[in-house]
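From first to last, the protein sequence lines stand for chains A and B.
Each residue of the first sequence is one higher than the last, beginning at 126 in this note's numbering.
Each residue of the second sequence is one higher than the last, beginning at 291 in this note's numbering.
If you are wondering where the hints come from, they were derived from the structure by calculation, not from laboratory data.
Below 20 angstroms or equal to it, Euclidean Cα-Cα: the simulated EDC-like pairs (lysine to aspartate or glutamate) are: (1) A:K225 <-> B:D367; (2) B:K315 <-> A:E209; (3) B:K432 <-> B:E413; (4) B:K315 <-> A:E195; (5) B:K394 <-> B:D371; (6) A:K217 <-> A:D281; (7) B:K394 <-> B:D441; (8) B:K394 <-> B:E413; (9) B:K394 <-> B:D410.
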Amino acid sequence: MLHFLSQFSADARFYHRLKHPQQPATLWALTATALRSPGLWILTFHRIIYFSSNRRNLRSIVWWLARLTEIPVHYLNTVVGKSELLGDCYIKGSAYLPDKGYLTCGALSIGAGSMIHDHVTFGYAVAKGKVGRPHVGSDVWIGPNCIIAGGLEIGDGSTLLPGTYLTYSVPPRSVVRGNPGRVVREEFDNAALRASLNIVDVLPEVESQKS
Amino acid sequence: MRAAFLADCRRVHRTETLPMLQLLKLIVASPGLKALLGYRLGRHLLLLQTQRRLPLLQPFGWLLYRLISGYVRLALDIRLDLSADIGAGLYIGHFGNIVVRHCKLGTHCSIAQSVHIEPDDAEDPTTGPTIGERVWIGGHAKIIGTYQIGDRSTVGAGAVVKRDIPSGALFMGSPGRVVMSDYDNSDIL
Chain A
126 MLHFLSQFSA
136 DARFYHRLKH
146 PQQPATLWAL
156 TATALRSPGL
166 WILTFHRIIY
176 FSSNRRNLRS
186 IVWWLARLTE
196 IPVHYLNTVV
206 GKSELLGDCY
216 IKGSAYLPDK
226 GYLTCGALSI
236 GAGSMIHDHV
246 TFGYAVAKGK
256 VGRPHVGSDV
266 WIGPNCIIAG
276 GLEIGDGSTL
286 LPGTYLTYSV
296 PPRSVVRGNP
306 GRVVREEFDN
316 AALRASLNIV
326 DVLPEVESQK
336 S
Chain B
291 MRAAFLADCR
301 RVHRTETLPM
311 LQLLKLIVAS
321 PGLKALLGYR
331 LGRHLLLLQT
341 QRRLPLLQPF
351 GWLLYRLISG
361 YVRLALDIRL
371 DLSADIGAGL
381 YIGHFGNIVV
391 RHCKLGTHCS
401 IAQSVHIEPD
411 DAEDPTTGPT
421 IGERVWIGGH
431 AKIIGTYQIG
441 DRSTVGAGAV
451 VKRDIPSGAL
461 FMGSPGRVVM
471 SDYDNSDIL
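With the rest of the complex left out, here is chain B:
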């Protein structure tokens, strides 16, 4: 989890070396990193719980998790639920109205403000979308339901995803459609 969080920090700072003071500055300045700090801590505590390690330290860890995630939820409105499986190196562009739960996100993804990635409660409340590696998701995008999004694809701002997206595609609009099937998102990621 420590390596995953450092990968998240590198998405913000974009350098190889990251001294401790620089890391603290980044966490204070970036709302997304605060949310990810809480999320990674919670996932690590879940791992400790299943492995039955450090039983005396776990209550303090959960208290810290509650404090961080409560602050992030109330002040910044970023809800990264522990049921989501987020890969290393997530970048959260802005804050406000972000809901990520019961889904699988690959490594090196980007999300932004008002993004909803969650299961459709009316159909299947526990299985959400599965998103591949290096996917760029624009602001206000809604991915609600059991859809598959391929690696290196791009979901445009304001898109409403109602179907599976193949790898490397550019998906835009509401109702959404694949605009380009071979789109390189490496310079916006």
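Same shape as in the complex, but just chain A:
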């Protein structure tokens, strides 16, 4: 329970830093941010569902509490968040889930600091043989309208530009775009992308590749 609350406060701080970088993270500001971001609701509700489906313990009151709240919380994720997350998807730390919703997530794990935008599908089995569920690394930036199909691994710090359809594992710090997706740049630092909620269609600086 204490772990859950500290995790929630860390998530709220993460969202607050993304949305209002200038404002100090006072308790009042954090509450206002938490109430205003549906992505944080999806994340918190998913943590309850994950706890209830994976840490089954009939003697624990906390587990029973989570089990009872699982059904309304799952419904809220569907109706408010328009999202569908499988119960055993492990979100390792604070990650950004879309405020607009429309996330269909069958991933096995999502790393800390990752940013996932709206209309994203993980783990889509298509055209025989691509059955499986992906692992998403930490500090990954995934743009809107992306599809990640099959059991693959997205390396830490990778960037998936909007509209990518990814079917194979990509190494860390690479940039993928297109349908079918291909790696367009390697060793790209996406810290600037992850600092805000802005969506880019093309990569910001080309001169870094030249030098």
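Since the structure of chain A is already known, use the hints to place chain B on it.
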């Protein structure tokens, strides 16, 4: 319409017999079946309207249709317009951002999340794509315009259809192209 809806339920449950309790459980659990329930009811009411049958019951039917389709549109964002002609046995995999209007879908098709099947409003706002039987359409696929898709063909996830697709073909990518001309989609359907 009742037979068509039962065929839709069989796509989810995949058995021959379907008791009433099982049917209710399926409708509660599956977002696609809720959308199809509203759609089939609306189509049935349109049929009654043209045949001038049961005039006293029709307002209640339309009220029920408005309730179901409004819930599905607001909560699940599946928009199956009554102008679409959907064959029996449609399977809707997930929910969210599904638009189907002014088109013709054959029997035993599959669609998934973020699929748009609609006419191109800039060119011809009333005639949409015509899709054959047993077509599997992957998530995020966009079929916008007056295109013909043949029987037993497969449209991959994320594909943008800008041309006609022959029967039994596998179509993928954006801009899309036919990857395989003879593709068997019977085990994913």
